[in-house]
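*Asks:* If you want the building blocks of each chain, they are given just below.
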Amino acid sequence: MTDEAILAGIQDVARLHLAWEGALTPDMRLIEDLQLDSVRLLTLAAEVENRFRVFLDELDEGAIATVGDLVSVIRRKLGG
Amino acid sequence: MVETILDWLERAGRHPEGGLRFLDRHERETWFGWVEVRERALAVASGLLAIGIGSGDRVALVFPTGIEFFAAFFGAQLAGAVPAPLYPPVRLGRRGEYARRTAQMLERSSARLVLADSRLRGFLGDAEATATPDLGCRTLGELPRSAAEPVPAEPSDLALIQFSSGTTVAPKPVALSHRAVAAQVEILNGFWRDNGGLRHSCVSWLPLYHDMGLIGCVFPSLARDATLTLIGPEVFVARPAAWLRTISRYRGTVSPAPNFAYDLCVTRIADAELEGVDLSCWRTALNGSESIAPPVLRAFAERFARWGFRREALTPVYGLSEAALAVTFADLDRPFRCRRFDREMLSRQGMAREQEGGREIVSVGRPVPGFRLRIREETGRDLAAGRVGRIWIQGPSLMEGYLGHPEATARTLRDGWLDTGDLGFIHQGELYLTGRAKDAIILRGRNYAPEEIELAAGSVAGVRRGCAVAASWLPEDAPGEALALFVEASREATAAELEALPAACREAVLGATGLVADQIVVLASGALPRTSSGKLRRSETLRLYLAGELAPAGEAVLPLTAALAEDEGCEG
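Protein sequence lines, in the order shown, are assigned to chains P and E.
Residues in the first sequence are numbered from 2 upward in steps of one, following the numbering used here.
Residues in the second sequence are numbered from 3 upward in steps of one, following the numbering used here.
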């Protein structure tokens, strides 16, 4: 799956489950720019796993601060 | 004779159906009878004794919901130690912030050892390096095997340490004795006695480091030798329908949650997720740990009636970690009661008078058996029914104190009474909560220290250094408490800085604490109310704001104390 397709998938998750209507770009920070508190971060993690059928473990998650980081972790998990 | 948690554990297993049932994220079941829970705990206890854990030593626990938490918790108790359950890291959250919080809690509880889940252990390195518990951090698999015998507990021994808030600023560890826990559990189990064909069973997604999860769900189930069905908090938040499906599937009779959880169910569950669900078994849906919003209660009752949910199951309650848990309960099996009160009289005169169209408040009921309650003035004088004041309580399950904080303990516990710091009044024999006199922010069932939020906002460019106040309250008709941040603009702030202030403050607070500020109010320099010594007054700030009496930036306000403090900002 291409980075663009992964980004589009995350965009879908954000719209459906986080009521985020704006465009997502890789440089956006999950906490500050997407305004995700702990409950919403958890929702994002779970819905992304659901959507891409991957399982993010604690070690992956420690390195995720931006949308771009999330894209690369998902790409790696999908074996790309 | 007072029993301890260990006595219950030893007795448990008489009912073959009693034990712990865990559901994973796919709602697949794993089952452990209480006998097996105890065997695992005994193995942990002997390992702890072998590495030198002694009576009264504190052992911090960092585990997700699962059997290992229980092996570690009861194992520490069986070794004579005092377990202190801590928050695991939030998914996708800030690791640096997590390490700082955890290090603080390790230091405050003077933990000698951290027992951790093998996957979470990697995140504890920084916290461990800062707090340096002398026996380090270990997983259960790293404990040696030994034949050491468990150590019996006395009712006066500490049973556990509960952190009432997870915060980087002075977290206060609540120390509870076995006697207090036993008294609280007896009170709770008095509300759900098995009779006839009915055997109560509890379902919970609440975190195990949270008083409502551990003391409200785990211990009462163990003491009754009953079954407790658990799902992880992360499973509930991601998929709220899993909670309701689990109650239905296992015919749960009791399940508690804070207000936000009921709201999350209403807003996030799709009808299709509840196919075949029957909630008629759910007799008691306790709602506590944070402010209760009447619209949320009504919306939940209406929405889930289709799936058999009984409105009278909703039971508003009031409690706090310092009392082990429950202080008041609304009547079971009776629809929750909301009343409307004259706004002006409430806010200006501190008097409760029913009035149509007034502010709606939900009753949290009467004191649970053994508890007494007084509404007092600031001076300590008792107030009559219908007057708003500080809620003081007395009962059999009060904490021993805040561990390592003798001054805070002395302020809170006086002559056998505990100052809750909450405000409320008695109306027709029932308690109604109106706000807080203490400086605590309670959001989604969790307590936060305002200092942490203020610290983040107080250093934003354009904010008068350190001049920030954070407070939360329940706005009328809102689904839960809102967080407001008040900052004074610096006189040197440029127009561009002023314009960017709200966004910059919101970002700073989110980055440092993970909380979203609902309101950001920029004020003129000197507009925040202060004490005579120049300290900012939080509850007064909120009161003035709600009364529309705070001066926005642009209006000149300069009381004397502010003028004196102008040069050095608000710190110190």
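The set of hints was computed from the structure by calculation and includes no laboratory data.
Quantities reported herein were computed from a predicted structural model and do not represent experimental measurements.
Certain hints may be false.
Covered by chain P, according to a simulated footprint, are these stretches of chain E (three or more residues, beta-carbon under 8 Å) [said to hold, decoys possible]:
1. 34 to 47
2. 93 to 104
3. 516 to 530
Backbone N, C-alpha and C define an ideal beta-carbon position, used for all residues, glycine too.
*Asks:* Hint by hint, note whether the structure agrees.
*Replies:* Cross-check of the supplied hints:
1. 34 to 47: violated (count 0)
2. 93 to 104: Holds, because 5 residues of the segment 93 to 104 of chain E bring their Cβ atoms closer than 8 Å to Cβ atoms of chain P.
3. 516 to 530: Result for this restraint: holds, n = 3.
Violation of the numbered hints given earlier is confined to hint 1; every other hint is satisfied by the structure.
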